[in-house]
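Visitor: Letter by letter, the chains look like this.
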Amino acid sequence: MRIPKDELESRHERLRCAASDDGLDGLLFYADQVNAQGVHYAADHMVVGECAWCWLPVYGAPVLFLSEPWDESRTSAESAACELCVLGTDFTADMARYIGTGKKIGVVGLEGIPFLKLSALGKTLGGELTSATKLLDRLARIKSDYELDLIRKAVKMADAGFLRALEVAREGMADFELAAEINRAMRLMGATENFQMMDIGVGSTGMLVPDGKKLEQGDVMLFEITPAIGSITYSGQLCRTAMFGCKPAAVFLEKYEILKEAMTASLKEIRPGASAKDVAIIQNDIIGSYGYEKYCHPPYMRTRGHDFGLGGMMIEDDTDLVFEKGMSVVIHPNNYFPETGYLALGEQILVTADGIERLTKIDWKIYSCGGVHR
Amino acid sequence: MNFIRLPVLRHGVMQRHKALLPDEVFGERLETVRALMRDEDVGSLLIYADSVENGPVCWLTAYPCYGYNKKAVTVLSPTEPPLVYNSEPLRNVPIVRPFTCCELVRERKYFPEAVRRAVELAAGKTVGIVGTARIGAGGWKTITESIDEEHRLDLTDAYFERMSMADCAALNIMKQAAFKAAKALKAMQQTLRVGESLWKIAAQEDYSIRMDGCEDAGVMADCGKGKLYPSYPMDRRIEKDDTVLLYAAAQYARYWGVAGRSVSMNGEDGSFQSLLSLKEGIRRMRLAGMTLEEARASIWNLAVKEGLTLSEKVPLICGIGMDLQTYPNAAAHVLHKDAVLQIALLTDEPPIGMLADALCIGDAENFWLANID
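Residue numbers (the numbering used here), protein chains in the order written: chain L, 140 to 513; chain A, 163 to 535.
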């Protein structure tokens, strides 16, 4: 995947302005394989090896530092906008040659850098290294048209993954086989990542990773499917519930109506200027009003929505952020009910000028599969 | 770091695998670590792991840092069972508890609490610390504020060195993981045809590995006529007369298995027979006792005798286990019997040949975990 040149230039311009406003000489982005989104944003590079850094000076050209010589040719094809430097054994000296010394540098992802590495770099560069992680979160929270297009594609992948699961589910099938089917369907559509959580069984308290359980008649299937394209910032999430081999009993439909009510009220609330914490409070109030207040908080539930990767938007009852046009978040009033176990309803939305746009095509209902009409 | 791209969340089957890793195995590992503690005269051990370097905690407790920003710290005293402090949200705790054979401690501030406990258990003696290369600034601040320099000792290398000597259970699993990777590789080889997308091939193999009961998969591929390296598969199509590099990694029951090969689309052998001959030579090398640098030089010299020039860009040798680049992974590290290495042989000039496999070091000779051509 290549980020268009004008998109990347626009990012660099905004980043440089923000860095300059903060009195910084430049921004240094750090990525390892798990926290890779900062470098991807600044340099269009997906980390495969140990780590990568991107130096974006307020004045001057960006440089991408790479830990793995064997990944140089892929990187140079992928991240053409940056000068490339493969780091040797003395990585700090290599970086200092490009960055210089004695500068005031904002480090994006500083909190995730192993201390020994950060300390060695700090000693060589001198000057001042401060965290600029929130600076990037602030800038990246509003998505460009290009970014929204990626999120829309990711949502389509999540929809396809869910439908694939319903299509292939059969008695005796293991949860990890189901996850593999979802994964393949989405990878073939171009997903580079899948933050896949699920559970099958009865009376679940939440979902996580497959553990080898096999599908049985009457199982509740919970899905939180989150494909991403290039970076987890461009994820699209779908949370849904399905019954295997039967239609949902009345109690399930009744409890699911509560989630739908919470979802409807949440989506009605969201518009530019609306408070994120109000959305969490609305969900908790509605679910709580049916006698489930206890189950709206830890250890049962935590967040009521969030964005992915860069942005740092959490929809919780103490979040001090407001929605803005161009944000994309998942809203999930998923909840545990003692009568049914955990039920999942959540999806990715886009904040528009006057409200929201639903991105998924999957209905709000408990699906049935395994020979039962949906 | 090895060739694959780690997932933000392992989403293959994640279970304890008690039949493969019974409690007794962890009991023996605990004894190994306690012997190290006695040798170094430390009163307690603080072992850190995260989702990038999962091994140190997992080896002793089976607790995997299976995903995005998951971290864990094990605290061990000379007598009490290990405690696993972790960063799981409360609601996940009942789900992840069965992953480990040890007591799971969930504290909101898991790291300071683990450090506090380590200091308490050390009772005035030194605290040994493992996993220092991954601990972030916040963690270091806690450590330096809680333990003065005289009372802390970095035991990362010594711990990893002991961890590198695979026990029977680890070897058995790594063999299975290597076979799973080799199986996926073979299936990939059979799907190769001109016009096929590397992305599609990789997606299919990722699927096969997951369906085979693995915790996760890593598939790398590249194709072309010039210099090639194992690469994250892009949507490139195979062309006539291309060489294709394929690399599969399968994580099974916490351990990684790997297999990589080059395939020439025109059927010409290129350097592959020479690589096979080199592979046989490596099997016969007495590696135990060498440093990594000495082993690298020996393999390099053997390659030259075979008329091969190997690429200096890929790591020719590194340890594999619960992580895809572990001890031995520095020039001075010593190779021990029963350590498992990834040997990645990649020629430097076209026609490119590649062969990557897992090798277990023996007393005199070594053996390939999945002996495929």
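Hint data in this document are derived by calculation from the structure and do not stem from the laboratory. Keep in mind it's a predicted model, so treat the numbers as computed, not measured. Possibly wrong hints are sitting among the right ones.
Unchecked claim - Selected chain L positions facing chain A (in silico; Cβ < 10 angstroms):
#1 A216
#2 E316
#3 D338
#4 V341
#5 E355
#6 T365
For every residue, glycine included, the Cβ atom is placed at its ideal position computed from N, Cα and C.
Visitor: Take the hints in turn and mark each one as holding or not.
Guide: Cross-check of the supplied hints:
1. With a cut of 10 angstroms, the hint placing A216/L at the interface with chain A holds, because the nearest CB-to-CB distance is about 8 angstroms.
2. Of the supplied interface hints, the one on E316/L holds, with its beta-carbon coming within about 6 angstroms of a beta-carbon of chain A, less than 10 angstroms.
3. Taking 10 angstroms as the C-beta cut-off, the interface hint given for D338/L holds, the closest approach to chain A being about 8 angstroms.
4. The beta carbon of V341/L is not positioned within 10 angstroms of any beta carbon in chain A (closest approach about 15 angstroms), and the interface hint is therefore violated.
5. Taking 10 angstroms as the C-beta cut-off, the interface hint given for E355/L is violated, the closest approach to chain A being about 17 angstroms.
6. Annotation: interface hint on T365/L holds; nearest CB of chain A at approximately 8 angstroms, less than 10 angstroms.
In this structure, the earlier hints numbered 4, 5 are contradicted, and the remaining ones agree with it.
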